[in-house]
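Engineer: Line by line, the protein sequences are chains A and B.
Per this note's numbering: the first sequence = residues 487 to 714.
Per this note's numbering: the second sequence = residues 675 to 988.
The set of hints was computed from the structure by calculation and includes no laboratory data.
Heads up, some of the hints might be wrong.
Output of the computed footprint for chain B on chain A, the stretches with three or more beta carbons under 8 Å from beta carbons of chain B [said to hold, decoys possible]:
#: 1; stretch: 585-592
#: 2; stretch: 608-614
#: 3; stretch: 618-630
The C-beta atom is built at its ideal place from N, Cα and C for all residues, glycine as well.
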Amino acid sequence: MSYTRRKLIQRLGACSVLLLTDPPLHLLLASENIATGVRYAMLHDETRCIGCQACVAACRKANRVPEGVTRLQVLPNPAPGDNGNTRQFFRRSCQHCDNPPCVSACPTGASYKDPATGIVDVNHQRCIGCRYCLAACPYHVRFINPVSLTADKCNFCRDSELAQGRLPACVQICPMKALTFGNLNDPDSAISQAIRSKVVYRSKLYLGTGPNVYRVAGKQGEINPNRT
Amino acid sequence: MTTHPFQFDTLVWDWPIALYLFVLGIASGLVLVALGLQRVLPPAQRRWFAWRAAIGAPLMVAVGLTVLVFHLTHPLSFWYVMVFYNPHSVMSLGVMLFQLFFLALALWWLRLGYMWLNARAQQYPQGAVGALLRLLVRVGRWLSQHYRGHNVILGLLAVLLGVYTGFLLSTLKGYPLLNNGVLPLLFLNSGLVSALAVLSLFPSLSRSAPEAIAVLHRWEIGCVLLEVLLLTAFFFSLYVGGGAQTAAALTALSGFWGAVFWIGVVGLGIALPLLMTLRPAHSRSAGVALACVALLSVLLFRFFILYAGQMVIA
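Just chain A, with the same shape it has in the complex:
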């Protein structure tokens, strides 16, 4: 072998010197790697969740969600073949995708992704209720609010709790601390640390949506990546 370990180390060293000292290259990498803003995400730890539905009620109260619709569901996610005895749950709510299909579907721009927070939200004054976003969302988390008659869904309590400087209502109320909310662009945030230290999965990654709800799989059965 002509390619020796010594050569490899020399070249690696040369590369790292180049990377650290060359200003244009440094700037280029910096613009891609250093956080430019906040990117909110959530982690649902299915090993902790007991399915008490307190989060669903808290969400309804905090965001004045009318009866008959919900921004958040906690659904049974039993291991196959055990007749529903395993108490495991799946959180169904907006994924605040990096590449949200609802935003590209919306003909009027009423559905948008807030660049400052990464939150996918609805401008209710602009929504005409065509339901294209409801059909476009592969997670099926959007609904027509029966009061406003516009498309509605979780916005991480952007107008309610988050606006008051508090965590989303579901995170505050969770008795099992199964939910972690925070800024993915901050490597020291609780959620960044949790995602680093645990084995996580995300729903329907293969669709290219870039969902921002991370999940720690329950203790039994198989992970179903296309669970809705």
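Knowing the structure of chain A, use the given hints to seat chain B on it.
Structural biologist: Only chain B this time, still in chain A's reference frame:
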């Protein structure tokens, strides 16, 4: 797992959308047939088709858009789509397309009717009305001199209209059956089939454009054969796609919507017209009945795609 064919959890868009897809297909097909016959027919017979397309297409689009507007939860806010645009949204691109299509059709009216307008303009030798009419006549005459370019634009817009509804559904990546590249072509083709059926419903067809009947019939058979090919490609790509795609194909082809497909789309829309070529029926009533069956089949196809398409999610 059995589900109600018209009410299930993952259903978002219901029957008014199927009607909308249906009438838009007719509009697109009418224009394409009229343009396709331009070289085949003598001028008088061409005009028969041109007028029917120039009036029928905007009428059909208007009906479709009315259905769509009243399907909105905020019908009175429909005009937002004409003020706020999102170039990433197929629906918003469709709004742009409709406006261009209506403009091209209005110019078609001028092109077809400028002689009549010229006669009206003679009655107003002075004044604003006469000046406006003369301007329109001048535009119409200019268009009739440049009819080739105008036809190319009209044909392009009609093809775009035909595929638009397909793209509208095929961007829905959550539904594997809809999220399929063959869908726009299927809709374009079945739009042509429905337009041919609508045209053969006119009682004056055999009198006004006798030479067109054989051509229309040939095209109809061509479209039906193409539909066989496209449907095969559509379901084959789903069936071999694995996972949710295979499940979507199998779900769609069985149960209630499977019956609609096999009886309504394959039976009435493909097998029947192909069998009728073996023993052609020449009576007027048979022709009307066959045209109605063809229209019903296309309508059932739109319902089938819309409903069966939303049953399985990715």
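Engineer: State for each hint whether it applies.
Structural biologist: Here is what the structure says about each hint:
no.: 1; hint: 585-592; result: holds (count 5)
no.: 2; hint: 608-614; result: holds (count 3)
no.: 3; hint: 618-630; result: holds (count 9)
Violated hints are absent here; each numbered hint is respected by the structure.
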